[in-house]
Amino acid sequence: MLIEIAIILLKVLAVLGLVMPLAGALGWIERKGSALIQDRIGANRASIYGFAGAGLVNTLIADPLKFATKEDVIPRGADRLLHTLAPCVNLFPVLVAFAVLPFGNVLIVGGREINLQIEPLGIGVMYVLAMMSLGVYGVVLGGWASNNRWSLLGGIRGSAQMISYELPMGLAVVAMILTYGTLDLQQMARAQGELIWGWLPAWGILYQPIAFVIFLCAGIAESKRLPFDLPESESELISGYFTEYSGIKHLMFFMTDFVEVIIISGLIATLFFGGWQVPYLYASGFEFPWGSSIALPNIAVVLLQVLSFTIKIIFFCWFQIMLRWTLPRFRYDQLMQLGWLGLLPIGFVNIVATALAILALQTT
Amino acid sequence: MIDVSWTVVLPILLVTGTAFAVLLADLAVSGPDRDGLGWIGIVGLMVTAIASAALWNTHVEGFAGTIVLDRYAVFFDLLFCLGAGLTLMISMDYLGTIGLETGGEYYAIVLFSTAGMFLMAAADDLIVFFLGLETMSIAAYVLAGIWRSDLRSSEAAMKYFLLGAFATGFLLFGIALLYGAFQTTALGTIAQEIGPSTGLQRTLAFGGMALLLIGFAFKVAAVPFHSWAPDVYEGSPTSVTAFMAVGIKAADFAAFVRIFMHTFAALAIEWTGVLAVLAVATMTVGNLAALRQTNIKRMLAYSSIAHAGYLLVGMVAANAAGGAAVLYYLLAYMLMNTGAFAVVIALGKRGEPNESLDDYDGVGLRQPLLGICMTVFMLSLAGVPALAGFTGKFYLFSAAVQRGYTWLAIVGVLNSVVSMYYYGGVLMRMFMAEGGKRVQGTAHRPYLTATLVVATVGTVALGIFPSWAFELARSAFLSLG
Amino acid sequence: MTLLTFIPLAALIVGFALGVILNRHPIRSALCLAVTLFLLAVMFVFLDAHLVAALQIIVYAGAILVLFLFVIMLLNLEADIPQKRRRSMSIAAVAGGVVFAGAVLRPILWAGDTLPGPGWSESAPASFGTAESIGARLFTHFVLPFEVTSVLLLVAVLGAVVLAKKKLG
Amino acid sequence: MVPATYYIALSVTLFSIGAIGFLIRRNLIVMFMSIELMLNAANLAFVVFARQQLAVDGQVIVFFVMTVAAAEVAVGLAIIIALFRHRQTLNADEVRMLRW
Chain A
1 MLIEIAIILL
11 KVLAVLGLVM
21 PLAGALGWIE
31 RKGSALIQDR
41 IGANRASIYG
51 FAGAGLVNTL
61 IADPLKFATK
71 EDVIPRGADR
81 LLHTLAPCVN
91 LFPVLVAFAV
101 LPFGNVLIVG
111 GREINLQIEP
121 LGIGVMYVLA
131 MMSLGVYGVV
141 LGGWASNNRW
151 SLLGGIRGSA
161 QMISYELPMG
171 LAVVAMILTY
181 GTLDLQQMAR
191 AQGELIWGWL
201 PAWGILYQPI
211 AFVIFLCAGI
221 AESKRLPFDL
231 PESESELISG
241 YFTEYSGIKH
251 LMFFMTDFVE
261 VIIISGLIAT
271 LFFGGWQVPY
281 LYASGFEFPW
291 GSSIALPNIA
301 VVLLQVLSFT
311 IKIIFFCWFQ
321 IMLRWTLPRF
331 RYDQLMQLGW
341 LGLLPIGFVN
351 IVATALAILA
361 LQTT
Chain B
1 MIDVSWTVVL
11 PILLVTGTAF
21 AVLLADLAVS
31 GPDRDGLGWI
41 GIVGLMVTAI
51 ASAALWNTHV
61 EGFAGTIVLD
71 RYAVFFDLLF
81 CLGAGLTLMI
91 SMDYLGTIGL
101 ETGGEYYAIV
111 LFSTAGMFLM
121 AAADDLIVFF
131 LGLETMSIAA
141 YVLAGIWRSD
151 LRSSEAAMKY
161 FLLGAFATGF
171 LLFGIALLYG
181 AFQTTALGTI
191 AQEIGPSTGL
201 QRTLAFGGMA
211 LLLIGFAFKV
221 AAVPFHSWAP
231 DVYEGSPTSV
241 TAFMAVGIKA
251 ADFAAFVRIF
261 MHTFAALAIE
271 WTGVLAVLAV
281 ATMTVGNLAA
291 LRQTNIKRML
301 AYSSIAHAGY
311 LLVGMVAANA
321 AGGAAVLYYL
331 LAYMLMNTGA
341 FAVVIALGKR
351 GEPNESLDDY
361 DGVGLRQPLL
371 GICMTVFMLS
381 LAGVPALAGF
391 TGKFYLFSAA
401 VQRGYTWLAI
411 VGVLNSVVSM
421 YYYGGVLMRM
431 FMAEGGKRVQ
441 GTAHRPYLTA
451 TLVVATVGTV
461 ALGIFPSWAF
471 ELARSAFLSL
481 G
Chain C
1 MTLLTFIPLA
11 ALIVGFALGV
21 ILNRHPIRSA
31 LCLAVTLFLL
41 AVMFVFLDAH
51 LVAALQIIVY
61 AGAILVLFLF
71 VIMLLNLEAD
81 IPQKRRRSMS
91 IAAVAGGVVF
101 AGAVLRPILW
111 AGDTLPGPGW
121 SESAPASFGT
131 AESIGARLFT
141 HFVLPFEVTS
151 VLLLVAVLGA
161 VVLAKKKLG
Chain D
1 MVPATYYIAL
11 SVTLFSIGAI
21 GFLIRRNLIV
31 MFMSIELMLN
41 AANLAFVVFA
51 RQQLAVDGQV
61 IVFFVMTVAA
71 AEVAVGLAII
81 IALFRHRQTL
91 NADEVRMLRW
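Residue numbers (the working numbering), protein chains in the order written: chain A, 1 to 364; chain B, 1 to 481; chain C, 1 to 169; chain D, 1 to 100.
Chain A on its own, in the form it takes in the complex (with noise of 0.2 angstroms):
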């Protein structure tokens, strides 16, 4: 019993451990991405000794304490209750999304076999599903607390923008949920290690190429970033629903944007990526397609998995600052066109394909 717990609990401090750095990097790879696009020098002043890439580690430390010493305003006419909870609903869902995301496969450590997953749910990526759609209440929250028109507009447009967007994103896991006949994200995963023709790994974008589409657009909205950052919109909004936010808690703000980030390019590696899996690597070592095969330990092939699930979700990280800084802002009603008279449908159309085709083939 108690070792469990201190299992589970280790488990926890792994994804948190992995996931709270990265997010404060993200800021750091973001300006510095930026900077790269625009063809500038950017980010420069975070240096240690004139070495700029120390400003990595030095806005991991510096960001968090600048923003904890500043002052916290709540302004005049705010609700003070509702002003101090919003980051704090906002924040939350999306950290206990993670439980679900399968970070490797099974660890043996002394003859007892541990689930590289914190909680491996039966419903699995219903639950994410469901902790991604209380994100909204922290911008709604936000938005109407702060006595603010900015704020307001922003809440209102993060509320109707992220709503929408759930049903594409929902109809696009719903194909992966037909695809692998199962909700738990980790037999998921287990279901890429196959192989197609005897060499090309079944990741799930052979299967659904539409379907990724469909969940990165929608993913991205969710987390509302260019070219969906109506919500926020900086040269509209100034910054949209947590305009009125100083100190810790608009670090908040900002950090649940990167986590956010995170949880999204996590579900797309572990839906239409493989998740952890390297191709040809299975329990015993690599077996590759033309009969070679290494064979490896436990502990370095669940290294070797957990490596390979962390570079998945940096580059889709990566992917989402490129497409940021490559985009020009949706007006509003493009954003809706887009949402439900586009992914929508399209999403409608792929799950009757994907069921036609899955009735095909059992038929057969």
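It is possible that part of the hints are untrue.
[Unchecked claim] Restraint ranges, calculated between C-beta atoms of paired labels, are given here:
1) B/G65 with A/L307: 54 to 60 angstroms
2) B/I269 with C/V99: 22 to 28 angstroms
3) B/T58 with A/W199: 58 to 64 angstroms
[As the list claims (entries may be wrong)] Stretches of chain C that chain D covers, calculated by requiring three or more beta carbons in the stretch to come under 8 angstroms of a beta carbon on chain D:
4) 6 to 17
5) 26 to 40
6) 44 to 57
7) 122 to 134
8) 147 to 160
[What the hints assert, rightly or not] If you only want the chain B side, here are some residues facing chain C, beta carbon under 10 angstroms, derived:
9) F63
10) E105
11) D125
12) V128
13) F130
14) L131
15) A139
16) G207
17) R403
Calculated from the structure, these hints are not laboratory results. Glycine included, each C-beta is placed from N, C-alpha and C at the ideal position.
Assemble the complex: chain A is given as a structure, and chains B, C and D must be docked to it using the hints.
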């Protein structure tokens, strides 16, 4: 396995299909003349009615026993086809009159609502009933508020929606308790087990039954749950009011009668008393309030409440005669009440609804044909012999007398006498008063004229030859088993 | 679920439900309702209804209530002004509600009888309340209601667009 | 193990709170939310009964109730918006006909 039985759902599929056809045709039609869409609806309803009638002698269950096609369902299918058809007819003239350019949505929503009614009449499972009710009601909320530039329409929709949803809450909680008691929502199983139930099971069953009763009382606007009806009937577009007063009320009674007189038949002793009190209150309050009205739609709303009271008298009888009388009366009421609303529409013009009773002064003298139609409807509603309303009341009250509810029948007759006063009042104004406004109905409204002809002929025919229709109603009710 | 977890959870649910109807500001009411719904989802988990719990959060807390909040913010509603003249009506309503609850609760709580059905004391089988078991039931026994919901949703979409769209025609 | 009846008691309490809220509040949106409370009380009852009977029917029914609730909310809020365009108030007493 999935138990698909196309026969059972054929009428529902046809009417839903018609709704889809209207929606799709709406994309092809442009311009202000949208009568074609109404025609698609009417033809579809005719096909549905013919198909349903052909299934009169069929008695099948389908979809794992959640739905049944018996004569009872077929009878109501025909009734709803008639009601929806008449509604579409009067709407085709009315929508243009008030300048409501909704396109095909209006017709489609009427038809979807009708599909919900079909489900309510055929449901053999509380969940199917519940979903049918919601489909019908949600469509009706929209219809009530569809005249968006009119404040009263929006307010009526709001009130109808809130009270309707409130009643839904009661119905749903009642269903939950019944599910808890009997481990199923199938009406057949509940009917078998409710009689011998004991202990906590019986407690739950009683709770569920009481909540269902409250829910239904709301839906059929029985006193004291009637307060929404006058405002909603007055505020809604008149064609929608007609639809609510006859179609939706009939559907509510279809489910009410099936669930109480059939499923809860074993506990009839427990609920007839409550229902008798409700019936008395509903009749009396409805009629007394109708006396004081100055707006014809409001008056007809209170009259509709009173008629719900008469119908409850038939349910109190809790026997085949009572059930058949309720079915028969719903048919009669549909004809005469739709006719009355058609006359109201005939007198209205754009921006000039002419719904005050003062506007009726002398109308009968200027437009004798319209006056004769209104006379038939008013006298029939009041229950004057040789018209449909009279035979209907006769069947209702005699069923009550059969079961020893003579006092209830007497209250009913007294109420009819009271109602004579306000129905007669309308006629007095139409034929004996000369008003200053000199309202004249617009000529050249083919659909409205057709509706009036159908309603008048039907009301008279049902009054003179009641036995044929009554036998249909009787065999429909007996098919419940 | 033991009494030790049930009572605090139930108390919280009742407390927030009261918050819904007692708060003067609609936004606060909506938030109390959100918490109530979330806590009910927690209770569903204890009752082995995992999928329903997830749906409760996705559909109810995540979509339906957000729609409420959206409309409240869109219309920029302010707090209600308390009205005195309705006091008698309110007292009557509260009394009626309490009497109703009492009338239903008394026989249920003090009957000393158990509810019909086999399963409370035994632990539920692993397949109970999973997506598979619910889906199987939904697409066989309840397939007709399931299809009806599609019509219902279509009517709702159609109706909402007809009523709320900006311009006529 | 808490007896099933306690859960039903909670459900009935919630239902009553919802019904009382509907009757005492004058704000249309809050009245609407009270109705949602009533529906949720029914959902809780369905889930408890399903657990009691070890049959998932009750849980399936909750699925239908949620659908109905969603449909009602869509239409109801559309009506509220349409009404608000006319009157700029959501007080049931100021809405002329809405007195009951």
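Do the hints match the structure? See the list:
Roughly 57 angstroms separates the CB atoms of B/G65 and A/L307, a value that falls within the hinted 54 to 60 angstroms. The hinted window of 22 to 28 angstroms between B/I269 and C/V99 holds, with their beta carbons roughly 24 angstroms apart. Distance hint check for B/T58 and A/W199: the Cβ-Cβ separation is about 60 angstroms, which falls inside the suggested range of 58 to 64 angstroms. Only residues whose C-beta sits within less than 8 angstroms of a C-beta in chain D count toward coverage, and the segment 6 to 17 of chain C has 5 of them, enough to reach three; the restraint holds.
Evaluation of the coverage hint for the segment 26 to 40 of chain C: fulfilled, as 7 residues show C-beta separations to chain D shorter than 8 angstroms, against a requirement of three. Residues of the segment 44 to 57 of chain C with a Cβ under 8 angstroms from some Cβ of chain D number 8, which satisfies the need for three, so the listed coverage holds. Check result for the segment 122 to 134 of chain C against chain D: holds, 7 residues qualifying (beta carbon to beta carbon below 8 angstroms, three or more required). Here the segment 147 to 160 of chain C counts 8 residues with a CB under 8 angstroms from a CB of chain D, which clears the bar of 3, and the coverage holds.
Interface restraint check: B/F63 against chain C, minimum CB-CB distance 4 angstroms, threshold 10 angstroms, status holds. With 10 angstroms as the threshold, the beta carbon of B/E105 comes within range of chain C, its nearest partner Cβ sitting at about 5 angstroms, so the hint holds. For the restraint placing B/D125 at the interface with chain C, the shortest Cβ-Cβ distance is roughly 8 angstroms, inside the 10 angstroms limit, so the hint holds. Annotation: interface hint on B/V128 holds; nearest CB of chain C at approximately 6 angstroms, less than 10 angstroms.
With its C-beta approaching chain C no nearer than about 8 angstroms, B/F130 sits inside the 10 angstroms limit, and its interface hint holds. At about 4 angstroms, the closest approach between the beta carbon of B/L131 and any beta carbon in chain C falls short of 10 angstroms, and the interface hint on this residue holds. Hint status for B/A139 relative to chain C: holds, with the closest Cβ pair at about 5 angstroms, below 10 angstroms. Because the closest C-beta pair between B/G207 and chain C is about 5 angstroms apart, less than 10 angstroms, the hint holds.
About 29 angstroms separates the beta-carbon of B/R403 from the nearest beta-carbon of chain C, more than 10 angstroms, and the hint is not met.
Hint check: a violation occurs at hint 17 only; the rest are consistent with the structure.
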